[in-house]
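Asks: Be aware that the sequence shown starts at 1, since it is given in the working numbering, and climbs by one per residue.
Rather than coming from a laboratory, the hints here were simulated on the basis of the structure.
Using N, Cα and C, we set each Cβ at its ideal position, and we do this for glycine too.
A few of these clues could be false.
[What the hints assert, rightly or not] Quick list of the computed label-pair ranges, beta carbon to beta carbon:
1) S389 x K806: 55 to 61 Å
2) Q695 x D323: 42 to 48 Å
3) R69 x A669: 55 to 61 Å
4) R273 x Q679: 30 to 36 Å
5) L559 x E590: 41 to 47 Å
6) L559 x K449: 27 to 33 Å
[Claimed, not checked] Each computed DSBU-like pair below joins lysine-lysine, with the alpha-carbon atoms no more than 35 Å apart:
7) K514 x K301
8) K278 x K449
9) K382 x K362
10) K248 x K803
11) K319 x K131
12) K382 x K449
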Amino acid sequence: MPLFHRQSILVYCSLLLLLAFEVYGQDSTYTGHRLHDRSLVISTTDGRVTLTAYGAEAMAVFYERDHLRQLPSYAIADTAVKTAGAVRDRGAVLEYATPELRAVIRKRPFTISFYKDRERLLAEETGFFAKDTIRGFRFSLGANEKLLGGGQRVLGMDRRGHRLPLYNQGAYGYTTEAKQMYFGLPAVMSSKKYILLFDNAARGFMDLGKSEADVLQFEAVGGRTSYIVVAGDTYPELIENYVSVTGKQPLPPRWAFGNYASRFGYRSEAQARATVQKFADEDFPLDAIIFDLYWFGPDIKGHMGNLAWDKKAFPTPQKMIADFKRRGVNTILITEPFVLTTSKRWEEAVAANALALNPGGKPKRFDFYFGNTGLIDVFDPKAGDWFWSIYRGLMEQGVEGWWGDLGEPEVHPPDTLHAAGTAEEIHNAYGHRWAELLFTRHRQAYPDKRPFIMMRSGFAGSQRYGMVPWTGDVSRSWDGLKPQVELALQMGLLGLGYIHSDLGGFAGGETFDKEMYIRWLQYGVFQPIYRPHAQDNIAPEPVFHDRETRDILREYVKLRYRLLPYNYTLAYHNATTGLPLMRPLFFEDESDPELMDYKDAFLWGDAFLVAPVVDPNLDSVAVRLPAGVWFDYWTGASYQGGGEVDVPVSLQTIPVLVRAGAFVPMIDAIATTRDYSSQRLALHYYAHSSVPEAQAMMYEDDGKTHGAIEKGLFEIIDFAARQRRDSIEFTLGRTSGGYPGMPEVRAMMLTVHNWHAPVQRAFLGDKTLPFAASAAALESTPTAAYHDTEAGRLLLKFAWDGKPLKLGVN
Numbered sequence: 001m002p003l004f005h006r007q008s009i010l011v012y013c014s015l016l017l018l019l020a021f022e023v024y025g026q027d028s029t030y031t032g033h034r035l036h037d038r039s040l041v042i043s044t045t046d047g048r049v050t051l052t053a054y055g056a057e058a059m060a061v062f063y064e065r066d067h068l069r070q071l072p073s074y075a076i077a078d079t080a081v082k083t084a085g086a087v088r089d090r091g092a093v094l095e096y097a098t099p100e101l102r103a104v105i106r107k108r109p110f111t112i113s114f115y116k117d118r119e120r121l122l123a124e125e126t127g128f129f130a131k132d133t134i135r136g137f138r139f140s141l142g143a144n145e146k147l148l149g150g151g152q153r154v155l156g157m158d159r160r161g162h163r164l165p166l167y168n169q170g171a172y173g174y175t176t177e178a179k180q181m182y183f184g185l186p187a188v189m190s191s192k193k194y195i196l197l198f199d200n201a202a203r204g205f206m207d208l209g210k211s212e213a214d215v216l217q218f219e220a221v222g223g224r225t226s227y228i229v230v231a232g233d234t235y236p237e238l239i240e241n242y243v244s245v246t247g248k249q250p251l252p253p254r255w256a257f258g259n260y261a262s263r264f265g266y267r268s269e270a271q272a273r274a275t276v277q278k279f280a281d282e283d284f285p286l287d288a289i290i291f292d293l294y295w296f297g298p299d300i301k302g303h304m305g306n307l308a309w310d311k312k313a314f315p316t317p318q319k320m321i322a323d324f325k326r327r328g329v330n331t332i333l334i335t336e337p338f339v340l341t342t343s344k345r346w347e348e349a350v351a352a353n354a355l356a357l358n359p360g361g362k363p364k365r366f367d368f369y370f371g372n373t374g375l376i377d378v379f380d381p382k383a384g385d386w387f388w389s390i391y392r393g394l395m396e397q398g399v400e401g402w403w404g405d406l407g408e409p410e411v412h413p414p415d416t417l418h419a420a421g422t423a424e425e426i427h428n429a430y431g432h433r434w435a436e437l438l439f440t441r442h443r444q445a446y447p448d449k450r451p452f453i454m455m456r457s458g459f460a461g462s463q464r465y466g467m468v469p470w471t472g473d474v475s476r477s478w479d480g481l482k483p484q485v486e487l488a489l490q491m492g493l494l495g496l497g498y499i500h501s502d503l504g505g506f507a508g509g510e511t512f513d514k515e516m517y518i519r520w521l522q523y524g525v526f527q528p529i530y531r532p533h534a535q536d537n538i539a540p541e542p543v544f545h546d547r548e549t550r551d552i553l554r555e556y557v558k559l560r561y562r563l564l565p566y567n568y569t570l571a572y573h574n575a576t577t578g579l580p581l582m583r584p585l586f587f588e589d590e591s592d593p594e595l596m597d598y599k600d601a602f603l604w605g606d607a608f609l610v611a612p613v614v615d616p617n618l619d620s621v622a623v624r625l626p627a628g629v630w631f632d633y634w635t636g637a638s639y640q641g642g643g644e645v646d647v648p649v650s651l652q653t654i655p656v657l658v659r660a661g662a663f664v665p666m667i668d669a670i671a672t673t674r675d676y677s678s679q680r681l682a683l684h685y686y687a688h689s690s691v692p693e694a695q696a697m698m699y700e701d702d703g704k705t706h707g708a709i710e711k712g713l714f715e716i717i718d719f720a721a722r723q724r725r726d727s728i729e730f731t732l733g734r735t736s737g738g739y740p741g742m743p744e745v746r747a748m749m750l751t752v753h754n755w756h757a758p759v760q761r762a763f764l765g766d767k768t769l770p771f772a773a774s775a776a777a778l779e780s781t782p783t784a785a786y787h788d789t790e791a792g793r794l795l796l797k798f799a800w801d802g803k804p805l806k807l808g809v810n
């Protein structure tokens with residue numbers, strides 16, 4: 001076809017599309033407004049538009065038209081607080097403003113723009129459109145604007161220029177490129193410091209300047225015609241404002257930060273018991289064992305929906321669970337929302353009206369990999385009652401956590417009818433609603449106990465139900481490892497802070513790649529969840545590999561446990577502000593838009609920078625360091641930030657750097673979090689003259705009580721350092737409401753790294769600390785100091801009763 005002919009056709013099609021939007025969007029005209037229920041309700045010739053502010057920097061916009069079917073919001077949390085905005089009628093425009101965000105509504109043709117201070121953040125282009133089987137919104141994009149988001153995709157950090165399918169779908173064996181995966185999110189974070197969330201769970205697309213370079217278009221086949229705009233002065237503040245609307249992640253149980261035994265799958269009670277024993281024999285800490293689908297049937301196919309122990313393979317499950325619990329190992333079971341017609345519960349599910357229906361009003365049946373099946377209608381309270389009765393019965397047996405698999409749902413015929421709508425309308429909210437069902441019923445049955453809910457799929461706001469998502473069935477290969485930081489950062493920016501990967505990779509792999517496996521599990525220490533998992537043709541558990549592999553990874557798993565006070569504090573920050581545990585480097589310099597594309601390293605909290613090794617046979621890794629001084633965690637070598645440095649690595653190490661001025665609280669190695677205590681606390685401080693003052697905190701509670709923060713059942717320990725020439729002073733303080741098991745007195749060991757200056761005097765309060773003659777002598781002395789001049793470390797050992805305290809050296 002001649003080039004000019006193709007261009008003519010493209011222009012013609014574009015004109016038709018624009019005409020459609022003109023008829024169904026741009027012809028709308030303002031006719032009036034009123035304030036109702038702390039919202040601005042605007043009448044137009046095309047319907048009603050409601051603007052609702054949440055806090056000072058978020059606003060939901062809901063377009064309603066007669067005869068256009070709507071669904072409830074799945075994104076907005078019940079805890080989101082409405083804020084009454086101020087209205088000004090300026091003739092041609094109407095303004096609705098909070099102290100930080102202003103919506104400017106042009107009356108004719110009707111469109112809305114959003115401003116923070118005097119800067120325009122975002123503007124509808126032709127705005128809302130709806131015709132036949134398509135509805136959505138169009139927004140204008142800035143020339144150099146970067147767009148992150150969209151949930152799980154492997155496309156690079158900046159997703160601008162892509163047209164993203166919005167339909168949660170499996171991506172078995174993915175590697176370095178994946179446009180559509182298990183957990184999409186209809187939301188973007190802009191380099192202009194706004195988040196735009198489309199509150200619609202229907203099948204659709206998010207076109208980020210792919211079809212038209214300067215237009216962001218959301219389109220769906222049905223669902224809710226609403227979007228939410230969130231602003232913030234900084235990216236962390238933007239995330240906090242976002243989770244204030246969509247909900248904050250509650251604290252998980254402390255054991256969730258431990259090590260998991262998991263594979264596809266344990267086929268018998270004897271095998272599971274032997275595996276737990278193997279972890280103990282090899283001196284590997286362990287906190288949980290996960291049972292894949294063999295717990296309810298001997299084969300992969302034909303048994304899904306049984307949701308009861310296969311007694312031939314697991315003859316004494318309750319005793320097994322209890323025995324594991326006595327060892328500090330919690331039991332997690334996989335469940336799926338499919339009930340096969342061959343399963344033992346098919347008739348029971350039909351009788352309970354628990355299944356989604358076909359257009360004839362009968363349970364919808366269809367074939368997929370595991371057999372002929374129905375799908376539990378998690379949107380129907382009757383189905384919820386039936387489903388939860390099974391969960392509760394298993395919890396009464398001692399099960400502590402749930403793994404929800406295939407919850408996209410993996411197969412979801414379009415003619416499936418749910419209580420809330422058609423499959424096409426609610427598909428992307430299915431896993432979200434399933435998590436809500438489990439979380440809500442668990443809270444009712446066990447109000448003081450934190451749930452553990454691991455899910456493969458969900459929607460915007462799923463974090464408020466305690467969801468712990470993972471990145472799906474990744475290839476067991478170097479190319480499977482490469483995108484994991486990108487996937488984690490993208491999800492964490494939009495509230496899903498506990499995203500993690502199957503450590504070591506899940507799918508395929510005919511032979512054991514020792515180096516790749518070690519590298520993945522080393523990186524996993526600095527993921528929110530530490531869970532090796534894979535098809536069992538190659539053992540996913542480190543305890544079943546060669547001695548060198550075991551010896552290397554044992555120390556990493558133990559480091560994970562020693563870091564529990566630090567990691568648990570990251571969980572506190574996530575629960576209170578939404579700040580992800582894994583953070584992108586562009587948080588460090590928000591003035592550099594190029595940093596938004598960087599995905600080779602990440603921040604683990606404030607103290608650590610981690611760069612996974614994702615290629616074989618390397619003896620160094622190039623790492624881009626933020627400004628400041630950074631120390632190699634393994635060697636103590638220092639690096640000046642503000643550029644790229646080469647960090648040496650061996651098979652035993654990956655680049656882990658600690659920020660100058662960082663406090664890192666740690667404990668001694670333990671075998672399970674059941675034995676956790678911070679009564680003996682090792683506090684590490686990384687001193688440098690470039691950081692004259694530093695502050696940090698540590699959060700503690702009993703590790704299991706739901707709502708401990710809201711109930712005041714916690715303590716916060718504050719640390720501060722002040723360095724002047726050859727002296728350094730530390731201040732410790734504690735804020736506490738008290739909780740069971742809270743240490744009244746702590747045995748403290750403060751290690752000051754990079755301290756080479758001569759020490760004349762060490763002090764604790766108004767007393768002088770004696771100096772030990774050696775590190776060994778320090779071990780046997782309850783209160784003393786020791787200066788390891790060769791290593792450049794200063795150690796201060798003392799007891800602390802929680803009262804304000806100053807100590808240091810000069």
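Asks: For each hint, tell me whether it holds in the structure or not.
Replies: The hints, checked one at a time:
| no. | hint | verdict |
| --- | --- | --- |
| 1 | S389 x K806: 55 to 61 Å | 58 Å, holds |
| 2 | Q695 x D323: 42 to 48 Å | 45 Å, holds |
| 3 | R69 x A669: 55 to 61 Å | 58 Å, holds |
| 4 | R273 x Q679: 30 to 36 Å | 32 Å, holds |
| 5 | L559 x E590: 41 to 47 Å | 31 Å, violated |
| 6 | L559 x K449: 27 to 33 Å | 29 Å, holds |
| 7 | K514 x K301 | 31 Å, holds |
| 8 | K278 x K449 | 30 Å, holds |
| 9 | K382 x K362 | 15 Å, holds |
| 10 | K248 x K803 | 32 Å, holds |
| 11 | K319 x K131 | 60 Å, violated |
| 12 | K382 x K449 | 25 Å, holds |
Consistency note: the structure conflicts with the earlier hints numbered 5 and 11.
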